[in-house]
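**Q** Sequence:
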Amino acid sequence: MLAGFVALVALALLPALDGDPAPRIADAQGGELTVTLLHNNDGESALLPLTNTVEAGDGTVELPVAGIAAYKAVVDRERAAARADGNAVLAVDAGDAYLSSAAFICGQREGSPFFDALAQSAIPYDAHVIGNHEFDSTPDVLERFIRSFEGQPFLSANLDFSGEPGFADLLDEDGLIELPIADSRVVGRSLILDDPVTGARFGLVGATTPGLPTISIPRHVAVTPDLASTAAAVQSEIDRLLARGVSRIIFVSHLQSLASDVAIVALLRGVDIAVSGGGHALLQNPAVAASLQLLPGERAPVEGEYPLEATDAAGRTVYIVTTAGTYKYVGRLDAVFDAAGEVESIVAATSYARPVVPAGEAATLAGFAGVVVPDPTLVATVEEPIADCLAGLASTTIATTEVLLDVSRAGVRGGESNAGNLVADAFLHAYARAAPGLGLPRRGPANPVIAIQNSGGIRQNAGDTLPTSGTAPGALFLVNTLDVLPFPNAVSVVRNVSPADLKAVFEVSGERYPAPSGAFLQIGGIAVVYDPSRPAGERVVSLTLPGGTPIVAEGAIVEGAPAVTIVTNSFVADGGDGYAMLGGNPDKLRIVASYEQALREYLRALGTIRAGDPRYAPGGEARSTFLEASPAGTAPDAERDSPAPPVTGSGLDHGAQSPPARVALMLLIVLGLAVTLGAAWTRRSSPPGPRRP
Numbered sequence: 001m002l003a004g005f006v007a008l009v010a011l012a013l014l015p016a017l018d019g020d021p022a023p024r025i026a027d028a029q030g031g032e033l034t035v036t037l038l039h040n041n042d043g044e045s046a047l048l049p050l051t052n053t054v055e056a057g058d059g060t061v062e063l064p065v066a067g068i069a070a071y072k073a074v075v076d077r078e079r080a081a082a083r084a085d086g087n088a089v090l091a092v093d094a095g096d097a098y099l100s101s102a103a104f105i106c107g108q109r110e111g112s113p114f115f116d117a118l119a120q121s122a123i124p125y126d127a128h129v130i131g132n133h134e135f136d137s138t139p140d141v142l143e144r145f146i147r148s149f150e151g152q153p154f155l156s157a158n159l160d161f162s163g164e165p166g167f168a169d170l171l172d173e174d175g176l177i178e179l180p181i182a183d184s185r186v187v188g189r190s191l192i193l194d195d196p197v198t199g200a201r202f203g204l205v206g207a208t209t210p211g212l213p214t215i216s217i218p219r220h221v222a223v224t225p226d227l228a229s230t231a232a233a234v235q236s237e238i239d240r241l242l243a244r245g246v247s248r249i250i251f252v253s254h255l256q257s258l259a260s261d262v263a264i265v266a267l268l269r270g271v272d273i274a275v276s277g278g279g280h281a282l283l284q285n286p287a288v289a290a291s292l293q294l295l296p297g298e299r300a301p302v303e304g305e306y307p308l309e310a311t312d313a314a315g316r317t318v319y320i321v322t323t324a325g326t327y328k329y330v331g332r333l334d335a336v337f338d339a340a341g342e343v344e345s346i347v348a349a350t351s352y353a354r355p356v357v358p359a360g361e362a363a364t365l366a367g368f369a370g371v372v373v374p375d376p377t378l379v380a381t382v383e384e385p386i387a388d389c390l391a392g393l394a395s396t397t398i399a400t401t402e403v404l405l406d407v408s409r410a411g412v413r414g415g416e417s418n419a420g421n422l423v424a425d426a427f428l429h430a431y432a433r434a435a436p437g438l439g440l441p442r443r444g445p446a447n448p449v450i451a452i453q454n455s456g457g458i459r460q461n462a463g464d465t466l467p468t469s470g471t472a473p474g475a476l477f478l479v480n481t482l483d484v485l486p487f488p489n490a491v492s493v494v495r496n497v498s499p500a501d502l503k504a505v506f507e508v509s510g511e512r513y514p515a516p517s518g519a520f521l522q523i524g525g526i527a528v529v530y531d532p533s534r535p536a537g538e539r540v541v542s543l544t545l546p547g548g549t550p551i552v553a554e555g556a557i558v559e560g561a562p563a564v565t566i567v568t569n570s571f572v573a574d575g576g577d578g579y580a581m582l583g584g585n586p587d588k589l590r591i592v593a594s595y596e597q598a599l600r601e602y603l604r605a606l607g608t609i610r611a612g613d614p615r616y617a618p619g620g621e622a623r624s625t626f627l628e629a630s631p632a633g634t635a636p637d638a639e640r641d642s643p644a645p646p647v648t649g650s651g652l653d654h655g656a657q658s659p660p661a662r663v664a665l666m667l668l669i670v671l672g673l674a675v676t677l678g679a680a681w682t683r684r685s686s687p688p689g690p691r692r693p
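When we follow our numbering, the leftmost residue of the sequence shown carries the number 1, and every step to the right adds one.
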């Protein structure tokens with residue numbers, strides 16, 4: 001099935017990417033039109049308000065920001081303002097609507113509503129694009145999520161759901177959805193919609209990252225393998241829309257980074273505006289005061305201007321927008337289309353991301369004027385029930401700690417972390433408990449057992465440290481373990497891992513250093529030394545078991561080195577995050593239903609993490625060592641926010657591309673960024689487009 005799907009896309013590639021652009025036909029309405037595009041991405045189940053510490057007078061104030069109820073209020077405010085100006089209005093979500101966390105788990109209990117669906121269905125989205133996190137709990141949860149909506153389309157041009165029987169009655173027959181939807185068939189590749197007030201017609205096309213099989217659990221959902229085939233699938237839908245006389249086309253994607261969107265736009269013809277998801281980037285309009293665009297307490301963005309300008313395959317300008325996730329901002333782009341359906345100008349005065357700040361005393365003290373009253377229905381039906389659930393989880397004490405545990409993104413993705421050591425040791429503890437009942441040999445010199453945990457599976461849902469207060473000593477609660485290890489991953493044992501495969505495992509772990517990577521391994525029961533000055537794939541200098549038994553020495557496998565047993569999470573054991581050498585090993589079994597459960601049980605066994613325990617000292621105990629070490633974080637984060645994020649920054653599965661394909665892709669990205677920077681320089685040197693009557 002996948003081979004056939006890829007073949008069809010490959011056949012579509014030639015005419016779509018090499019032919020002349022399809023002619024644009026003016027809409028029947030004709031004339032000039034201003035459209036307001038409201039957008040967001042990466043909500044990731046962050047439905048409750050967050051808190052920013054901001055300066056106020058002579059001190060600071062804890063300012064509530066975001067929250068789904070306040071987010072909806074901002075959407076409603078901007079929609080009303082745009083309608084008052086006579087604009088057409090569209091609203092889109094660019095994927096990653098939900099993410100495993102304690103808050104997400106509250107909505108998965110028996111009898112509980114799917115809170116993310118309840119929240120998003122209350123917002124008048126014209127389309128949702130399917131992201132990678134939608135598959136983290138398998139397609140079954142995505143199916144439940146989609147069925148919770150009535151008449152809101154879900155789009156992706158490069159996904160094939162035909163291998164999942166549960167989606168059969170959800171799939172539009174030809175993939176091109178036309179509103180209104182009279183039945184349950186809300187999943188398609190593209191969409192035609194007419195603005196109910198102005199009558200203007202628009203076409204929307206969606207796309208999902210080709211790296212999906214590596215970073216999530218799509219099961220039998222097929223996806224295009226690379227950026228070129230994804231572009232072909234998207235172009236096929238664009239051509240269908242143009243042939244139907246739709247001249248205003250918006251591409252909404254979840255490709256994990258702005259660079260990937262710039263690269264794919266360079267391969268496309270016919271797109272006017274692109275909405276990017278997955279990158280969590282915040283763009284800023286230089287024509288608008290920063291105080292109107294940034295949440296109080298947040299740094300100025302460095303990702304680029306709003307909107308970003310890119311160039312398509314025909315040399316046309318395409319405007320790319322995105323914003324930071326977790327419902328902190330509502331993006332708003334006001335674009336003026338001419339009668340032929342081309343973007344004539346961007347309304348600079350009104351095109352920027354709106355911060356989401358609930359009204360209250362803290363906002364008044366902080367001097368922020370753009371506040372909103374949170375939507376009362378979502379407060380009552382979503383925010384309050386989740387808060388009650390989390391309060392219950394936060395009242396269950398698991399253990400105490402005398403040391404501060406580092407679960408930060410930089411800490412776990414850029415090197416050894418004491419929290420990472422704790423998780424790895426929890427896996428070894430789980431093996432020791434389960435082995436007798438499963439007939440597994442005890443861990444020891446005759447049966448080397450090691451533990452690995454991909455850093456992308458250690459999350460920052462409740463902050464960068466445990467305890468979450470940022471100080472120790474303190475208590476660790478059930479809500480903490482659920483937030484830190486939130487994914488539906490079991491603990492798996494992979495047996496008889498050869499020395500060659502073990503070295504390959506650690507080469508994947510270290511290949512991106514010093515760039516933070518979700519594939520970097522936190523480890524137990526083994527020590528590794530990397531040399532980052534060597535080429536990727538040749539960086540492992542040594543692998544040494546307890547007692548000094550070498551597996552690798554001076555970069556070479558030691559003759560007679562033993563095979564090992566690896567305890568890890570099921571995502572990595574099944575080959576996720578580039579660990580295909582483990583996925584292909586048939587000698588494996590699952591020993592604990594949840595990797596969070598393994599951590600919880602280990603913490604209960606410890607009782608207290610002592611300050612003098614060298615295993616959990618700040619920075620760890622030199623289980624992972626880098627020669628000529630560079631500071632983590634000096635290169636862009638390669639993580640793509642996933643249950644076990646991949647190690648490439650392009651939004652593609654590095655294992656699915658040949659070296660020439662990777663080189664070609666990087667050239668496309670560099671070319672696209674160069675064109676974009678040139679366009680941005682030109683726009684800075686010119687006055688912004690006029691406000692249209």
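Simulated from the structure, these hints should not be mistaken for laboratory data. Misleading hints may appear alongside valid ones.
Said to hold, decoys possible - Simulated DEER-style distance windows between Cβ atoms:
no.	residue 1	residue 2	range
1	Gly619	Glu538	24 to 32 Å
2	Pro286	Asp169	46 to 54 Å
3	Ala611	Gly547	21 to 29 Å
4	Arg615	Gly444	13 to 21 Å
5	Leu589	Pro196	32 to 40 Å
6	Thr608	Arg442	25 to 33 Å
7	Thr53	Ala290	27 to 35 Å
8	Gly57	Arg244	55 to 63 Å
All values reported here derive from a predicted model rather than from experimental measurement. Just so it is clear, CB atoms sit at the ideal spot from N, CA and C, and this is done for glycine as well.
**Q** Taking the numbered hints from earlier one at a time, note which ones the structure violates and give those numbers from smallest to largest.
**A** 5, 7
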